[in-house]
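**Q** Protein chains in written order, with my numbering: chain B, 555 to 658; chain S, 24 to 305.
The hints are simulated quantities; they were obtained by calculation from the structure and are not laboratory data. Just so you know, these numbers come straight off a predicted model, no measurement behind them. Treat the hints with care, since some could be wrong.
Claimed, not checked - Restraint-style ranges between C-beta atoms, simulated for each label pair:
{"no.": "1", "chain 1": "B", "residue 1": "Ala-603", "chain 2": "S", "residue 2": "Arg-280", "range": "40 to 48 Å"}
{"no.": "2", "chain 1": "B", "residue 1": "Val-626", "chain 2": "S", "residue 2": "Gly-246", "range": "26 to 34 Å"}
{"no.": "3", "chain 1": "B", "residue 1": "Asn-631", "chain 2": "S", "residue 2": "Gly-173", "range": "24 to 32 Å"}
{"no.": "4", "chain 1": "B", "residue 1": "Ala-622", "chain 2": "S", "residue 2": "Arg-162", "range": "44 to 52 Å"}
{"no.": "5", "chain 1": "S", "residue 1": "Arg-280", "chain 2": "B", "residue 2": "Asn-631", "range": "39 to 47 Å"}
{"no.": "6", "chain 1": "S", "residue 1": "Ala-177", "chain 2": "B", "residue 2": "Leu-576", "range": "43 to 51 Å"}
{"no.": "7", "chain 1": "B", "residue 1": "Ala-622", "chain 2": "S", "residue 2": "Ala-177", "range": "46 to 54 Å"}
{"no.": "8", "chain 1": "S", "residue 1": "Arg-162", "chain 2": "B", "residue 2": "Gly-595", "range": "38 to 46 Å"}
{"no.": "9", "chain 1": "S", "residue 1": "Gly-246", "chain 2": "B", "residue 2": "Pro-592", "range": "17 to 25 Å"}
{"no.": "10", "chain 1": "B", "residue 1": "Leu-576", "chain 2": "S", "residue 2": "Trp-138", "range": "20 to 28 Å"}
{"no.": "11", "chain 1": "B", "residue 1": "Asn-631", "chain 2": "S", "residue 2": "Thr-27", "range": "47 to 55 Å"}
{"no.": "12", "chain 1": "B", "residue 1": "Asp-632", "chain 2": "S", "residue 2": "Gly-158", "range": "50 to 58 Å"}
{"no.": "13", "chain 1": "B", "residue 1": "Leu-638", "chain 2": "S", "residue 2": "Glu-91", "range": "49 to 57 Å"}
{"no.": "14", "chain 1": "B", "residue 1": "Gly-583", "chain 2": "S", "residue 2": "Val-284", "range": "34 to 42 Å"}
Virtual Cβ for every residue (Gly too), placed ideally from N, Cα, C.
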Amino acid sequence: MMFSTSASADRLNNRLARLLVLGTWTSCGLILIGIVLPALGASLRPASAYFVLTGIVLLIALPPVRVATMAVWFLFNDDRDFALIAALVLAIIVASTLLGVGSA
Amino acid sequence: MLATSVPGLFCISVGASTLGGVLGMASGIFIVPILTLVANVDVHLAIGASLVSVIACSCGSAGPFLKERLTNVRLAVVLETATTLGAASGVLLSGVVPVPILYAIFAAVLLVSAWQMLIRRRDATIPDVGAPATGWARRLDAVYPDRNLGADVAYRVDRLSMGLGLMYGAGLLSALLGIGSGVLKIPAMDTALRLPIKVSSATSNFMIGVTAAASAGAYFIRGAIVPEIAGPVALGSVVGALLGARLLVIVTPGKLRLTFVAVLLVLAVWMALAAIRVHRGL
Numbered sequence: 555m556m557f558s559t560s561a562s563a564d565r566l567n568n569r570l571a572r573l574l575v576l577g578t579w580t581s582c583g584l585i586l587i588g589i590v591l592p593a594l595g596a597s598l599r600p601a602s603a604y605f606v607l608t609g610i611v612l613l614i615a616l617p618p619v620r621v622a623t624m625a626v627w628f629l630f631n632d633d634r635d636f637a638l639i640a641a642l643v644l645a646i647i648v649a650s651t652l653l654g655v656g657s658a
Numbered sequence: 024m025l026a027t028s029v030p031g032l033f034c035i036s037v038g039a040s041t042l043g044g045v046l047g048m049a050s051g052i053f054i055v056p057i058l059t060l061v062a063n064v065d066v067h068l069a070i071g072a073s074l075v076s077v078i079a080c081s082c083g084s085a086g087p088f089l090k091e092r093l094t095n096v097r098l099a100v101v102l103e104t105a106t107t108l109g110a111a112s113g114v115l116l117s118g119v120v121p122v123p124i125l126y127a128i129f130a131a132v133l134l135v136s137a138w139q140m141l142i143r144r145r146d147a148t149i150p151d152v153g154a155p156a157t158g159w160a161r162r163l164d165a166v167y168p169d170r171n172l173g174a175d176v177a178y179r180v181d182r183l184s185m186g187l188g189l190m191y192g193a194g195l196l197s198a199l200l201g202i203g204s205g206v207l208k209i210p211a212m213d214t215a216l217r218l219p220i221k222v223s224s225a226t227s228n229f230m231i232g233v234t235a236a237a238s239a240g241a242y243f244i245r246g247a248i249v250p251e252i253a254g255p256v257a258l259g260s261v262v263g264a265l266l267g268a269r270l271l272v273i274v275t276p277g278k279l280r281l282t283f284v285a286v287l288l289v290l291a292v293w294m295a296l297a298a299i300r301v302h303r304g305l
């Protein structure tokens with residue numbers, strides 16, 4: 555029993571590690587492309603801003619996606635308490651983001 | 024101005040983040056003062072850019088900690104309820120706190136960080152005493168691999184409510200100042216929860232990204248995250264964090280400790296002077 559819980563916890567850890575590292579490199583890659591593009595020609599400037607913006611939005615979205623992944627994982631592993639807690643964290647992040655709309 | 028050009032911002036961020044990385048601190052505590060004081064970036068834009076870089080550094084470095092089972096993901100998600108609530112409060116506050124007060128709070132945080140750097144962190148002794156043997160908090164207990172012992176070491180999570188309280192404060196500071204706020208997370212993890220240092224560092228690093236994301240979304244909607252600033256700053260911070268981690272192996276942080284205390288003190292005084300200058304409208 556103990557062994558199987560720890561093995562499944564390892565699977566969660568590995569999945570989260572893959573998600574976070576892949577997400578960070580993808581968004582950093584997009585930002586890098588966006589920063590380098592204007593050096594190749596002024597006509598590429600609008601496209602470059604789009605790359606940087608996409609990279610930044612992806613970075614900001616990465617932690618909530620990580621929390622959502624945990625919520626789903628806990629749910630499918632019969633750990634309702636922790637699935638609920640993760641869902642609560644996700645709800646707070648959404649609410650906190652929406653506070654920006656009111657004060658924009 | 025050279026410092027606010029893309030290469031300038033990139034280099035400043037590499038420097039600030041390398042400095043943070045060598046110390047095992049989040050980069051934000053150096054990035055915001057350097058961007059505002061040296062590069063003359065508006066403080067709200069500096070905080071927005073710093074939040075993005077804090078997320079990048081947290082997510083980018085989480086891999087090895089997770090794979091080595093140093094990160095306690097269950098404890099992290101429980102504490103994140105407090106840090107994100109704190110971040111939401113910080114978002115509300117950041118709209119009303121005047122800029123001089125913001126500078127003053129930052130100066131205070133730099134001072135406390137300098138003091139924390141002087142006193143070394145230690146593993147809590149006899150972590151079992153005081154923790155109830157049963158209860159919900161026991162579901163957060165875990166084991167971590169200790170390289171020195173070559174074996175798994177079990178640890179308990181202590182005084183969860185006090186930890187949650189400090190984490191709320193950490194989230195608030197993070198959203199208000201754009202920092203990872205290790206300044207409150209370290210006492211929360213070491214003094215309240217009494218975790219082994221490696222577990223504490225890994226878990227707090229894991230949480231920093233979620234905490235920063237809770238406020239970064241609001242800053243983004245408000246227009247305080249400008250791609251021209253946040254892009255190079257985020258990229259530079261990731262490069263700096265990688266460099267810092269490499270340097271950490273080569274240099275002995277003990278010898279550099281006093282130098283860094285001095286850097287933090289200088290920044291604290293500079294921030295305090297900026298607070299007075301802005302307050303007087305000079």
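**Q** Next, verify each hint and record whether it holds.
**A** Status of each hint after checking the structure:
1. In this structure, Ala-603/B and Arg-280/S meet the distance hint of 40 to 48 Å, their C-beta atoms being roughly 42 Å apart.
2. Our hint of 26 to 34 Å for Val-626/B and Gly-246/S holds, since their Cβ atoms are close to 33 Å apart.
3. Range check, Asn-631/B to Gly-173/S: about 30 Å between beta-carbon atoms, so the 24 to 32 Å window is met.
4. Distance hint for Ala-622/B and Arg-162/S: a CB-CB separation of about 21 Å, inconsistent with the stated range 44 to 52 Å.
5. For the pair Arg-280/S and Asn-631/B, the beta carbons lie near 43 Å from each other, so the given range of 39 to 47 Å is met.
6. Range check, Ala-177/S to Leu-576/B: about 32 Å between beta-carbon atoms, so the 43 to 51 Å window is missed.
7. Look at Ala-622/B against Ala-177/S: about 30 Å separates their beta carbons, and that is not inside 46 to 54 Å.
8. For the pair Arg-162/S and Gly-595/B, the beta carbons lie near 57 Å from each other, so the given range of 38 to 46 Å is not met.
9. Taken as a hint, the range 17 to 25 Å holds for the pair Gly-246/S and Pro-592/B, whose Cβ atoms sit roughly 22 Å apart.
10. Between Leu-576/B and Trp-138/S the C-beta distance comes to about 38 Å, which lies outside the given range of 20 to 28 Å.
11. In this structure the supplied range 47 to 55 Å holds for Asn-631/B paired with Thr-27/S, their Cβ-Cβ distance being about 49 Å.
12. About 20 Å separates the C-beta atoms of Asp-632/B and Gly-158/S, a value inconsistent with the hinted range of 50 to 58 Å.
13. For the hinted restraint 49 to 57 Å between Leu-638/B and Glu-91/S, the CB-CB distance of approximately 28 Å leaves it violated.
14. At about 37 Å, the beta-carbon gap between Gly-583/B and Val-284/S stays in the expected band of 34 to 42 Å.
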